[in-house]
Structure formats: structure tokens, C-alpha cells
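Peer 1: Sequence:
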Amino acid sequence: MKNILVPVGNSPDSFETLQYAVDFAANFGADVYVMEVLNISTGAGDLANIKDKVVESSRDRIRELIEKIKPGNTEIKIATYNGDIIDGLKDIEKELGIDLIIIAPRSVEVDDELYLGNTSGRIIKRTDIPTLIVPKGSKFQKYKTILTAFRSGVLKRKRVLNPLINIKNSFKSQVNLLLVKTPGYTDDDLKINTALMDISAQVTLTEHATTYLGVLEHFQLQHPDLLCVFRRKRGFFQNLWEKNTILKSEFSVRIPVLVLSVKKD
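Numbers given in my numbering equal positions in the sequence shown, counted from 1, plus 503.
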């Protein structure tokens, strides 16, 4: 894990997410990129340097944010992008190679009923970059137990597990697998990829209407420090893909959630 990206907005609590990311990155020797997305549209009659002024103002805000945290030995870099955040994430990923995005569950402009706001929800829904969702106010602690939940044990590419493997190896975590049989499952879904089996300490099989309900059943039994799920159209957020926002009544946990890239459509 070399490059970690932290998108920030206007939330006064953004420094908490950045501090978490810096403390997390220190365990891997990774660099942290703080990203702010701008929407600057200038016409022919506008001042030629207006864009430069807005970009510099953005960088000043990020520098003030960085001054609020303790960076330790982690190198923090600033990245700005003019345009849509998803396009920006894809461009930066293509240019730098982003190994992980770290975000807070809810953006500042939405109410407390939402687990993921429009911005954070779009990041989860519309990118293939592994993402760590960190509850607001969380202080980084090493993950002793990781619950990895899924409805299909089929992996399209082994490398989608790399973030989970890196975390497990770095923190010597115990990975417990939870295979949830949901309506319409196939026999192939019950075959767990050997790479996933190799990193696990135990496997639990359960049956529920959704993967999330299966997680709720076993969450209190295992008390994990990290929940790991897969990003795909029929995966953990199966019933939530039609919209960007996610209500807390539909999904909410008080621990970090690692969302891995698409594994099978």
C-alpha cells in the first residue's frame, strides 16, 4: 500500500478523518493525498487568473486542515481537481495509482438519518477503488478481528483481496469469513476461492434475505474491529445501488468498513 487518498469537503470534522488516515498509513509507509474537488466555470469575460486564485484558496484550506493533525513521519500531499469528484478520483488513480480511499460515512450537507451522503455514496457506488469508511470521531486502532461477509465465494481476480491481505499481514489480524446464502444463490456461489480461504481463521455459513441481515446476526457474536464487504451490483449493498445515499435504517455500523472492488457481476 503506497498511496492513500482522502477526499475532503467543507466539514469541520474533516481533520479527524485525515488524522485516522495518517495513522493508518504510517503502518504501511504510505503517502497520503488530501483531495478537494472544485467546480470552477469561467467565461471569456472572466479574469484569466480566477481559476488559479480558487485553486490556491483551496490549497490554503487544506494546509489549515493539515495543521490541525499530527502527521508523524507520514508524507501528506495536496491534490485538487476541477470537475466531478468521480472523474477526479479516476484521473488521480490513473496518474498516481491509488491503493485505498479513506472517507467518513456522511458528508456535511446531509442530515443525521443518512449513513452515506450523496458524495460518499457516489464514491462507493461509482468507483472500483478499494475504500475504507471510517465513522466520524474514530481514532485509529489496529484491527484484531476482521469479519468478511459475502454472498458468493467466487473471486473474479485474486488481486481484489490485496488491501485485505495487506491489512491482515500488517496488523496480524484474524479474518473470519461469513458466507450468506441469499435467495437465488447457486452452487457456484458456495465455492469459496482458495485465496480467500487461505487468509481466513474460520468460515461461517448462514442463510438470510440479504447479506446485511446475515452480518447483523453474527456481528454481536464476533465483535469485529473491521467489517469487510465487496463492491458489486448484487453484493453487500444489493438493495441500495439504485440511489447514492444510504439511510442509517438500511445500513449502519459503528466500526470501519472496508469495501473491496468488484469481484463478480
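Because the hints were derived from the structure by calculation, they are not lab data. Wrong hints could be hidden among the right ones.
[Stated by the list, open to error] List time: in silico EDC-like cross-link candidates among lysine to aspartate or glutamate, alpha-carbon distance up to 20 Å:
1) Lys571 x Glu519
2) Lys675 x Glu720
3) Lys593 x Asp534
4) Lys573 x Asp587
Peer 1: Determine for every hint whether it applies to the structure shown.
Peer 2: Verification of the supplied hints:
no.	hint	in the structure
1	Lys571 x Glu519	9 Å, holds
2	Lys675 x Glu720	25 Å, violated
3	Lys593 x Asp534	18 Å, holds
4	Lys573 x Asp587	30 Å, violated
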